[in-house]
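There are 6 protein chains.
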Amino acid sequence: MPFINIKITDDNVTSEQKQQLIQGVTQVMVDVLGKNPERTFVVIDEVNTDNWGIGGESITSRRQQGK
Amino acid sequence: MPFINIKITDDNVTSEQKQQLIQGVTQVMVDVLGKNPERTFVVIDEVNTDNWGIGGESITSRRQQGK
Amino acid sequence: MPFINIKITDDNVTSEQKQQLIQGVTQVMVDVLGKNPERTFVVIDEVNTDNWGIGGESITSRRQQGK
Amino acid sequence: MPFINIKITDDNVTSEQKQQLIQGVTQVMVDVLGKNPERTFVVIDEVNTDNWGIGGESITSRRQQGK
Amino acid sequence: MPFINIKITDDNVTSEQKQQLIQGVTQVMVDVLGKNPERTFVVIDEVNTDNWGIGGESITSRRQQGK
Amino acid sequence: MPFINIKITDDNVTSEQKQQLIQGVTQVMVDVLGKNPERTFVVIDEVNTDNWGIGGESITSRRQQGK
Numbered sequence: 006m007p008f009i010n011i012k013i014t015d016d017n018v019t020s021e022q023k024q025q026l027i028q029g030v031t032q033v034m035v036d037v038l039g040k041n042p043e044r045t046f047v048v049i050d051e052v053n054t055d056n057w058g059i060g061g062e063s064i065t066s067r068r069q070q071g072k
Numbered sequence: 006m007p008f009i010n011i012k013i014t015d016d017n018v019t020s021e022q023k024q025q026l027i028q029g030v031t032q033v034m035v036d037v038l039g040k041n042p043e044r045t046f047v048v049i050d051e052v053n054t055d056n057w058g059i060g061g062e063s064i065t066s067r068r069q070q071g072k
Numbered sequence: 006m007p008f009i010n011i012k013i014t015d016d017n018v019t020s021e022q023k024q025q026l027i028q029g030v031t032q033v034m035v036d037v038l039g040k041n042p043e044r045t046f047v048v049i050d051e052v053n054t055d056n057w058g059i060g061g062e063s064i065t066s067r068r069q070q071g072k
Numbered sequence: 006m007p008f009i010n011i012k013i014t015d016d017n018v019t020s021e022q023k024q025q026l027i028q029g030v031t032q033v034m035v036d037v038l039g040k041n042p043e044r045t046f047v048v049i050d051e052v053n054t055d056n057w058g059i060g061g062e063s064i065t066s067r068r069q070q071g072k
Numbered sequence: 006m007p008f009i010n011i012k013i014t015d016d017n018v019t020s021e022q023k024q025q026l027i028q029g030v031t032q033v034m035v036d037v038l039g040k041n042p043e044r045t046f047v048v049i050d051e052v053n054t055d056n057w058g059i060g061g062e063s064i065t066s067r068r069q070q071g072k
Numbered sequence: 006m007p008f009i010n011i012k013i014t015d016d017n018v019t020s021e022q023k024q025q026l027i028q029g030v031t032q033v034m035v036d037v038l039g040k041n042p043e044r045t046f047v048v049i050d051e052v053n054t055d056n057w058g059i060g061g062e063s064i065t066s067r068r069q070q071g072k
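Protein chains in written order, with our numbering: chain A, 6 to 72; chain B, 6 to 72; chain C, 6 to 72; chain D, 6 to 72; chain E, 6 to 72; chain F, 6 to 72.
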């Protein structure tokens, strides 16, 4: 009964890519732990780059500086 | 001092329904554990059906297939 | 397909109380949104009072002060 | 390698304020635990006031009542 | 800069299996979104079966009933 | 009404350090957003180094390799 939450920046991720993320991480649960995929939930959170920080700066700011 | 996070799909949940969710889960904390409702936080996350997976597929895809 | 995460302090919550929390919040999802309980997950996190803060202090410290 | 998730109501928080939140909490990790800021992630979630409850009511409802 | 949180029941998952979970989900981020693995964090939460509910019951209780 | 969740590795963080983390991040909320500290919750999760991955490896494994 795994629950997986994926947080990524909101960089125009397509529905197809989201499908691949869901399929991929679910398969890892099946392969490694033998989990039932019908009992495996995946939730993807897309986060604005203003709202994600690293190194004490937002991703928006880091990208403007070419980091 | 409970904190409750509810994740649901974004299926046109009304403000009235959100009020009922907040009221209901807060009451459970009061009834079962004697918690102070003024110190009980509830946060509802509404998740796009493209971003919620089960059985290795998005909810969007499952609904298209009538699952 | 709701997912509910309940965070509470680790104050000797019994298995019976956890059952009541799980039963209660699941019922709220059924009553308010018509959700399928077999697709409703609840995860309870019990947090040490050293690790929970409010008002800029840990709960441990607040209790020592009679707050 | 800390990960910090900040949940606040979506009250027109500016990009500048988000930068200050990210900078501030990252600095706390550096000052208290000597963490590497380049390995410190901060994610800010802005939550609609309909979706945040306290005292069994939404923040929207509480503000309408002047609470 | 993905952050992935995996919640599973605490069923004697080995260090080797945890390594495989971490390796597997990180690779999905690389393959699908081209993410930098050195900027991909994975956190595994192991949850006691008393603290995980489905169908309004704890996993502990469901297992006792042979569900 | 902020809620802040801090995830760190379980490296013998002392109660005093936890107090400083709680005090520090709460003060950031007060300084930047004018939030009421009595309505600001902080929850610290200490994560075993087997359960935290970066670069596709657990922290335990990386430390053994001197990374």
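Errors might be hidden in some of the hints.
Which copy is meant is left open, so a pair is good if it fits within one copy or across any two.
Unchecked claim - In silico DMTMM-like cross-links for lysine to aspartate or glutamate, where the CA-CA straight-line distance does not exceed 25 Å:
hint	residue 1	residue 2
1	72	50
2	40	50
3	40	62
4	40	21
Just so you know, the hints here were simulated from the structure itself, not pulled from any lab data. This one's a predicted model, so the numbers in the text were calculated from it and none came from an experiment.
Query - Hint check, failures only - result: none
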